[in-house]
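Using the sequences and the hints given, assemble the complete structure.
Okay, here's what each chain looks like letter by letter:
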Amino acid sequence: MTLYHALALSAIIFSIGIYGVLTRRNILGILMSIELMFNASNIALVAFNHYRHPGTLWGQGFVIFVITIAAAEAVVGLSLVLAIYRNLKSVYTENMNLLHG
Amino acid sequence: MMNHLPGLVFYGFSAALIVASIGVVTMKNVFYSAVSLVAALTVVAGIFILFGADFLAAAQVLVYVGGIMIIMLFVVMLSQQPRDQLQRQTNDQWVAGLLFSLTIAISLVRAFRVFVTQEPSLAEMMPTSAKLGSLLLGDMLLPFEVVSLILLAALVGAVLFAQDKLS
Chain W
1 MTLYHALALS AIIFSIGIYG VLTRRNILGI LMSIELMFNA SNIALVAFNH YRHPGTLWGQ
61 GFVIFVITIA AAEAVVGLSL VLAIYRNLKS VYTENMNLLH G
Chain Y
1001 MMNHLPGLVF YGFSAALIVA SIGVVTMKNV FYSAVSLVAA LTVVAGIFIL FGADFLAAAQ
1061 VLVYVGGIMI IMLFVVMLSQ QPRDQLQRQT NDQWVAGLLF SLTIAISLVR AFRVFVTQEP
1121 SLAEMMPTSA KLGSLLLGDM LLPFEVVSLI LLAALVGAVL FAQDKLS
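Protein chains in written order, with the numbering used here: chain W, 1 to 101; chain Y, 1001 to 1167.
Worth flagging that the hints you see were computed from the coordinates, not collected in a lab. Note that the coordinates shown come from a computational prediction; the quantities given were computed from them, not determined experimentally. Every residue gets a Cβ at the ideal spot worked out from N, C-alpha and C, and that includes glycine. Mixed in with the good hints there might be a few duds.
With the C-beta cut set under 10 Å, the calculated list includes, among others, these residues of chain Y facing chain W [stated by the list, open to error]:
id, residue
1, Tyr1011
2, Ala1034
3, Val1116
4, Asp1164
Here is the structure:
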């Protein structure tokens, strides 16, 4: 268990999240893939804090802000998904080609 | 043998996390991929504990698994239709997307090879909650206050968007 292994794990999870964002048709799947990418960056931040700056906690403080922003993003995104679903009766991205209604 | 125990646990967690993440992006049923995401986020909490971040592990379980994922499961159940089971869940560009993400994965892993000679950390595991609290209300006070504004804006926005009629 070294820093390289933690960073490689973070890179792999981040790429899986990118694949999900690029290929999912369902907008809820895209939101879940974005959460995966947030978690990959959190793993990298915590690993850097543990291996490079053991005495301080700045990396972990950053992770708290990332989790907070992710919660805000998920709440706004999901309420937007519900509003769109009420109008279009669909959660697939290719149907969402209008800015109004 | 005891020296290798954290490493073994880390590799086990890594394998579980990768399998759960692949499940998130490939499952046909969105409900199943949400459940898979719950597993992935819980494993991330375990990895946080391995790196000595006990408060973050608790926050991960409370905020992600207990909060965000419950909302997400509610929205999945509110917006599912029976015909979703019959439709393809990936778009036409999935080969290009796979190549793109593989390229990013390989180049990131190669780029991180700079850190391959890093010595194992000598940091002692100790509770971080008190130090993290004084850091948040001390040196990180400005971002702490700004993030509270962002949370307020997200709350108002969520209430506004979830209304029946946008007036």
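- Message: Under the constraints set out in the numbered hints, which ones does this structure not fulfil?
- Response: The structure breaks none of the hints.
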